[in-house]
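J.: Line order of the protein sequences matches chains U and C. For the first sequence, the numbering used here gives the first residue as 2, with consecutive numbering after it. For the second sequence, the numbering used here gives the first residue as 2, with consecutive numbering after it.
What the hints contain is simulated information worked out from the structure, not anything from laboratory work. Hints should not be assumed to be uniformly reliable.
For identical chains, the list gives no copy identity; a pair is met inside one copy or between any two copies.
Claimed, not checked - Calculated lysine-lysine pairs in the DSS-like style (CA-CA distance at most 30 Å, straight line): (1) K108 x K619; (2) K666 x K336; (3) K619 x K85; (4) K426 x K620; (5) K620 x K640; (6) K322 x K80; (7) K111 x K296; (8) K615 x K111; (9) K67 x K619; (10) K619 x K637; (11) K640 x K80; (12) K358 x K186; (13) K186 x K253; (14) K108 x K253; (15) K640 x K86; (16) K49 x K61; (17) K640 x K85.
There are 2 protein chains.
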Amino acid sequence: MGEASHDKTEGSSPSKLNNQHPTINTPSNNNNMHHCMDIPMGGLEVHKVVPPPHRSTLQKLMARLKETFFPDDPLHQFKGQPPKKQWILGAQYVFPILEWGPTYSFKLLKSDIISGVTIASLAIPQGISYAKLANLPAIVGLYSSFVPPLVYAVLGSSKDLAVGPVSIASLIMGSMLMQEVSPTKDPNLFLQLAFTSTFFSGIVQASLGLLRLGFIIDFLSKATLIGFMAGAAVIVSLQQLKSLLGIQHFTKKMAIVPVLSSVFEERREWSWQTILMGVCFLLLLLIARHVSMRKPKLFWVSAGAPLASVILSTVIVFACKANHHGIGVIGDLQKGLNPPSWNMLIFSGTHIGLVIKTGIITGIIALTEGIAVGRTFATLREYRVDGNKEMIAIGLMNIIGSITSCYITTGSFSRSAVNHNAGAKTALSNIVMSVTVMVTLLFLMPLFHYTPNVILGAIIVTAVIGLIDVPAACHIWKIDKYDFIVLVCAFLGVIFISVQQGLAIAVGISVFKILLQVTRPRTVVLGNIPGTDVFRDLHHYNESAVSVPGFLIISIEAAINFANTTYLNERILRWIEEEDDGNKHPNIRFVIIDMSAVSSIDTTGITLFGDLRKAIRKKGLVLVNPLAEVVEKLQKVDKDNELMRPDHLYLSVGEAIASLSMAMKNQASNMYDEEMQTNASPKS
Amino acid sequence: MGEASHDKTEGSSPSKLNNQHPTINTPSNNNNMHHCMDIPMGGLEVHKVVPPPHRSTLQKLMARLKETFFPDDPLHQFKGQPPKKQWILGAQYVFPILEWGPTYSFKLLKSDIISGVTIASLAIPQGISYAKLANLPAIVGLYSSFVPPLVYAVLGSSKDLAVGPVSIASLIMGSMLMQEVSPTKDPNLFLQLAFTSTFFSGIVQASLGLLRLGFIIDFLSKATLIGFMAGAAVIVSLQQLKSLLGIQHFTKKMAIVPVLSSVFEERREWSWQTILMGVCFLLLLLIARHVSMRKPKLFWVSAGAPLASVILSTVIVFACKANHHGIGVIGDLQKGLNPPSWNMLIFSGTHIGLVIKTGIITGIIALTEGIAVGRTFATLREYRVDGNKEMIAIGLMNIIGSITSCYITTGSFSRSAVNHNAGAKTALSNIVMSVTVMVTLLFLMPLFHYTPNVILGAIIVTAVIGLIDVPAACHIWKIDKYDFIVLVCAFLGVIFISVQQGLAIAVGISVFKILLQVTRPRTVVLGNIPGTDVFRDLHHYNESAVSVPGFLIISIEAAINFANTTYLNERILRWIEEEDDGNKHPNIRFVIIDMSAVSSIDTTGITLFGDLRKAIRKKGLVLVNPLAEVVEKLQKVDKDNELMRPDHLYLSVGEAIASLSMAMKNQASNMYDEEMQTNASPKS
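Using the sequences and the accompanying hints, generate a full structural model.
T.: See below:
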C-alpha cells in the first residue's frame with residue numbers, strides 16, 4: 002500500500018508536473034461561465050471559477066439583515082409546528098417560567114429554597130451597602146432586592162442569575178447624578194432622578210433587546226471589562242474610606258488623587274474606634290472569602306459572613322452604646338414594602354439630559370454585567386442564554402423597578418456565584434430571596450437601627466475586591482500585548498480620570514485596534530509543501546514549505562476595502578520588488594494572488610487588481626479562488642475580460658501553477674521551434 | 002497519459018479514502034512540536050501544524066510598526082549603497098528636482114513651456130474666481146498661483162500635478178471662517194484668519210507626511226469622495242447664483258434650502274443684463290468643455306475658453322460701459338508680486354479654535370484631492386508617487402504660501418488634466434505657469450478692471466460641473482449598494498446640512514460598515530470538489546462541491562476578536578443544528594473549522610474554541626491550518642492540550658478528513674470486533 006498511495010497523494014503537485022503535458026485552458030465560451038466546467042486536458046484537470054448562484058439585491062439584503070440581527074435564528078423552533086404548539090412555544094419564549102414551571106418538582110424546590118435563603122442573607126447587607134454607594138437611602142437597596150427578582154423569575158431565562166443592586170452600576174449612577182444634584186442637600190430630587198435614570202436604563206436595555214442590537218455590548222471586550230472592573234473596584238474601595246475611617250467631610254470627587262488628598266487633609270476626623278472595628282470586620286470578611294475560594298464547598302462561609310458581621314456588629318454597638326463614641330450607625334429605617342414611585346419620575350426640566358445620559362451608561366454597564374454573568378453560568382451548566390431575550394427581561398425588570406421605588410438592578414456576579422454553589426436549580430431561588438427580603442422589610446427593619454456604617458463599608462470592599470482579577474490580567478499580558486494596553490488604559494482611565502471616560506478610552510482603543518487591523522491587513526508569501534497540493538506561509542513553515550520557481554504566491558488575509566487598498570497595492574509591489582532584488586534579474590513570471598481569505602470587497606478595493614496589473618505589466622497576474630461576493634463584483638467591473646480570463650483565474654493555487662507551468666513550457670518550446678525555423682530558413 | 006495522471010490528481014481526496022488504511026496520528030512527543038514532522042502512516046502523510054519561528058515581543062512590535070508606518074519601505078533604495086551615493090539619493094529624495102533637473106533637455110523644455118502657458122491661461126481666471134469663492138480679494142487667488150507652484154516644482158514628485166487654488170478647499174475655508182468673521186465688514190481680519198488657517202493646513206499636511214500617517218486620507222473612500230464632490234459642486238454652483246443673477250444681498254448660508262429661498266426672495270435684485278451675459282458665456286464655456294471631452298486632442302478649447310471669455314467679456318463691458326447698466330465688475334486690482342504675510346498670522350485671540358479647525362479640515366480635504374490627482378496621473382504614465390512624501394511637499398508649499406500672501410493650494414484635477422493633455426513632461430511646467438502669472442501680476446492687472454463678476458461665476462460653475470461624476474455613481478450602484486448609500490449620504494449631507502457634516506456623516510457610515518463586517522464575519526460551509534483535495538463553499542459551488550458525510554467543514558472568513566466572538570459562537574452552533582435537523586438524527590461526527598482566513602485573534606476570541614468544544618461535547622472539534630499568530634496564541638492558552646492535540650489540529654482539510662475517517666473506521670471495526678467477542682464469549 003505504502004508506496005503506491007504515497008505517489009497518489011503527490012498527485013498534481015507542481016514538483017511532479019514535468020511529467021505531465023496538459024495544455025492551457027483557452028478562453029472559451031463565456032456564456033458557459035455559469036456552469037461549472039471541468040476541462041480535463043491531457044490529464045490535468047482545471048476547475049473553473051464560477052459566479053455564485055444568482056440572488057437578487059433584495060434577497061442579499063434580507064440575508065445580510067438576518068445575519069446581522071438574527072444570527073441565532075430565534076424563530077427556528079417555530080418552523081413547521083402546528084399553530085397551537087406555536088402559541089405555547091411563543092408564550093414560553095416570552096415567559097420562560099412557563100417552560101420550567103409546569104414540570105417543577107419538590108426536589109428542585111428544596112434546592113431553590115436553600116440557595117434562595119443563602120443569597121438573601123448576602124443580598125440584604127449588600128443591598129443596604131450598595132444603596133449607600135449610590136447616595137440613596139439604605140431602604141431603596143432593599144426595595145431593589147424585592148421587586149426585580151420577582152420580575153426576573155418570570156421573564157428571565159438564566160437558572161443561576163441572582164438579581165439585585167450591584168456595586169459598579171450603583172457607583173456610576175451615584176457619581177453621575179451627583180454632578181448636578183447634591184444627595185445631602187436635596188435628597189428627594191436626587192431620589193427622583195435615580196428612579197428616572199433607572200426607567201431610562203430599562204428602556205435602553207429593552208430596546209437593545211427588541212431591536213436586536215445586543216451586539217453593542219460585545220464592543221466591551223474582555224480586556225476592557227477586566228481593566229474597567231479593577232479600576233471601578235479601586236474607586237469604590239476608596240469611597241469606603243469615608244465610613245472605614247469615620248470621616249464626616251468627604252470629597253464628592255471620585256478619582257484617586259482628590260479622594261486620597263481629601264482623606265489625608267481630614268486626618269483630624271479619623272475615629273480610632275471606627276478604624277478598629279472596620280479593620281477587625283474587614284479581616285473577618287476577607288478570611289471568610291478566602292476560605293470559600295479555597296474550598297468551594299464552604300461557599301456558605303463567605304455567603305453568611307456579611308449578615309453575621311452585621312448582626313455581630315449591631316449587637317456590639319448596641320451593647321457598648323458605641324454610637325455615642327464616634328461610630329456612625331444607619332439610624333431609623335422605614336418599615337413596609339415598596340411604595341409606588343411612578344409619580345416620582347420626571348421627564349422634563351433642567352436635569353433631563355443628565356438623567357438620560359446616566360440611564361444609557363448605567364443601563365449598558367448593568368446589561369454587560371448581567372449578560373456576562375448569565376452566559377458564564379449557562380456555559381458551566383450547558384444550557385444556552387439568548388442574549389437579546391435576556392436584555393428584554395432585564396430592561397422590563399428595571400422599568401417595573403423604576404415605578405416601584407427600585408433603582409438600577411442586574412445580575413450580580415458574586416451573588417450568582419453563591420446561588421450556583423448553593424445548588425439553585427431554577428429562577429425560583431430569586432422568588433425565595435425576594436420573599437425573605439419582604440419579610441425583612443415588613444418586620445425586621447428596626448433591628449438595623451444600630452448597624453454601624455463601617456460594617457457596610459467593609460462589606461462593599463470585600464465584595465468589590467473580587468472584581469480585581471490579577472490572574473486574568475496576567476493571562477492577557479501573556480497572550481496579547483495590545484489587549485493588555487487596552488486593559489491598562491481602562492484601569493488608569495477609571496482611577497485617574499473618571500469611570501465613564503476610562504470606559505470610553507478603552508472602547509476607543511479597542512475599536513482603533515480593529516480599524517488598524519483593517520487598514521494594515523496581513524499579506525503572506527506562500528510556498529508549496531512538497532508532495533501535496535497544499536500551499537502555506539513560507540515564513541511560518543520555513544522548514545517544510547518551499548517556494549515555486551517562477552511564481553510569487555501572495556495571500557491577502559482580509560477583506561479589501563477603501564481603508565486598505567492603497568496599502569495592499571504598495572505592499573504587494575514591495576513583495577515583488579524584494580523577490581526580484583534578491584535574485585538580481587527578475588525571475589518571477591507570474592504573481593498569483595490567493596483570494597481565499599478576502600471575504601468581501603468594495604468599489605475602492607475592486608480597483609486594486611487593475612492597478613496591480615498595470616504596475617507589473619511584464620508579469621502575469623493570476624487570481625485564485627475569489628469568494629462568491631468577490632467573483633460577482635469582479636464580473637461586473639471586468640468589462641474587457643482582463644481579470645476574469647480563464648488563464649488569469651483559477652480555483653486553487655495548485656491548478657494555477659500546474660496549468661501556467663505547462664503554458665510556459667509550451668511557449669518556450671514554441672519559441673525554440675520558431676528560433677530553429679528562423680535559423681533554418683536561410684539555409685533552405 | 003490521460004487516465005494515469007487523472008488518477009494521480011485524485012490523490013488523497015476523501016472520496017477515495019476507503020482504499021487506504023492509515024492510522025491516526027497519535028499524540029506523540031510534544032517537544033517535537035517545533036520541528037515539522039511528516040509522519041507517513043500506511044501511505045497517508047499527515048503534516049503537523051507547527052508554531053512559527055520564534056520572535057521576541059520587541060521584534061514583533063518592530064515588524065508591526067514597520068508594516069503600519071513604512072509599508073512602502075522608503076529606505077529600501079539606500080541599502081547597500083556607498084555613503085556618497087546615499088547622500089545623493091537622500092538629497093534627491095527630499096528635492097525630486099535634483100532627480101530630473103540634471104538630465105533636463107531642450108526637447109522636454111518645449112513641451113513644458115506649452116503646457117505651462119496653457120495651464121496659466123486656465124489658472125489666472127480660475128485663481129481670481131476661486132479667491133472670490135473663498136470670500137478673499139481676487140488678487141490673493143493670483144498670489145496663490147505664483148509662489149506655491151514654484152515650491153512644488155522643487156519638492157513635488159508628480160510630473161503632471163498643476164498646483165494652485167481649488168474650488169472645494171476654497172469653498173470650505175470661506176464658509177468656515179465666515180461663521181465667526183464677516184468678510185465684508187472686517188476684510189483684513191478675515192484675510193489674516195485665511196492665512197493663519199493655511200499655515201495650520203500646511204502644518205497638518207506636513208505632519209501627516211512626516212509621521213507617516215498618510216493612511217488617514219484613505220478613510221475617505223471613493224464613494225465618499227464622489228458623493229462629497231458632487232454635493233460640493235452643487236453648493237458652489239448655488240453660491241454662483243449671486244454673480245450669475247447679479248444679486249446684491251445674498252445669504253451667508255451654504256445649504257441648498259436657505260440659498261434658494263434667499264435667491265427667490267430677492268427677485269427684485271435680479272438684473273437681466275447680468276443674466277443674459279451669464280447665460281451666454283456659461284453656454285460658451287460648457288460647449289467648449291463638451292468639445293474637449295469628446296476629443297481630448299482639442300484640450301486647448303476648454304483650456305483657453307475661460308481666458309478668452311474673460312477677455313471677450315471685459316472688452317464688451319468696456320465698450321458698452323455695461324458696468325453702468327447693472328453688471329458688476331471686479332474693479333481695481335493691486336499691481337505687484339506677493340507681499341510677505343508672516344506678520345499677518347495670528348496665533349492667539351478668540352478665533353484661534355476656528356482657525357485650527359478650518360486648517361485641519363481644509364488641509365485634509367486639499368491633501369486628499371492633491372494625492373488622488375497625483376496618483377491618477379502617475380498610474381497613467383507608469384511612475385509611482387510616494388504619498389507621504391507628497392504630503393510633506395504640499396504641506397511645505399502651504400506653510401511657505403501662508404507667509405507670502407497665499408491661501409490654501411493643492412493639486413487641481415482640472416488643471417492637472419489639461420497639463421497632462423498639453424504634454425507636460427516635468428514639474429517645470431509649474432514654473433512656467435508661475436512665471437506667466439508673475440508677468441500678469443506685474444503688468445497686466447489693470448486690464449482686469451472691467452472684467453464682469455458674472456464671468457467669474459460662469460467659470461466656476463463650468464469648473465465644478467466636472468466634479469459631478471454620474472457614471473461613477475452608477476458604477477458604484479451596480480457594484481456595491483452599501484457604497485452607494487455612503488455616496489448618497491455624503492451628497493445629501495453636504496447639500497442639506499453642511500460641507501463638513503456631510504463629510505463626517507459619510508466617513509462615519511463608511512467606518513460603521515467596516516465595523517459591521519468585523520462584527521458579523523462570514524462563515525461558510527465547505528464541500529469537497531470531487532477528484533481533488535480542494536474544499537470550497539458548498540453554496541457557491543453548488544454544482545461541483547459535495548459535502549463529506551460525517552463532517553461539517555466550516556470556514557471562518559475573518560479575524561476573530563471581541564466584537565464577533567459571541568456571534569461566531571452562535572452562528573457555528575446554528576450551522577451544526579441546521580445540519581443535524583436536516584438529517585433527523587445527528588450524523589455529524591466531526592466539526593472541522595478551517596482557520597486559513599483567520600488572520601489574527603485576541604484574548605476574547607481565543608475563548609471561542611473552548612466554548613464551542615463544551616457546547617458540542619459529543620462531536621469532535623478539529624481546527625485546520627491556523628495561521629502563525631493564531632498557533633502561537635492557541636499554544637499559550639491551551640494548557641490541558643485539548644485544542645492542540647495532534648488529532649484535533651491539521652494542516653489541511655483533506656488530511657484532517659483522511660486521517661479522521663481512518664480513525665472512525667478503525668474505531669468502528671474495533672467496536673465490531675468487541676461486539677463479536679462479546680457475542681462469542683457466552684458460547685465458549
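J.: Would you mind marking each hint as holding or not holding in the structure?
T.: To see whether the hints hold, each was checked on the structure:
no.: 1; hint: K108 x K619; in the structure: between (79 Å within a copy, 29 Å between copies)
no.: 2; hint: K666 x K336; in the structure: neither (95 Å within a copy, 72 Å between copies)
no.: 3; hint: K619 x K85; in the structure: neither (70 Å within a copy, 33 Å between copies)
no.: 4; hint: K426 x K620; in the structure: between (68 Å within a copy, 27 Å between copies)
no.: 5; hint: K620 x K640; in the structure: within (21 Å within a copy, 47 Å between copies)
no.: 6; hint: K322 x K80; in the structure: neither (69 Å within a copy, 84 Å between copies)
no.: 7; hint: K111 x K296; in the structure: within (23 Å within a copy, 91 Å between copies)
no.: 8; hint: K615 x K111; in the structure: between (77 Å within a copy, 29 Å between copies)
no.: 9; hint: K67 x K619; in the structure: between (45 Å within a copy, 29 Å between copies)
no.: 10; hint: K619 x K637; in the structure: within (25 Å within a copy, 45 Å between copies)
no.: 11; hint: K640 x K80; in the structure: neither (44 Å within a copy, 42 Å between copies)
no.: 12; hint: K358 x K186; in the structure: within (22 Å within a copy, 42 Å between copies)
no.: 13; hint: K186 x K253; in the structure: within (13 Å within a copy, 49 Å between copies)
no.: 14; hint: K108 x K253; in the structure: neither (50 Å within a copy, 78 Å between copies)
no.: 15; hint: K640 x K86; in the structure: neither (54 Å within a copy, 46 Å between copies)
no.: 16; hint: K49 x K61; in the structure: within (24 Å within a copy, 39 Å between copies)
no.: 17; hint: K640 x K85; in the structure: neither (55 Å within a copy, 50 Å between copies)
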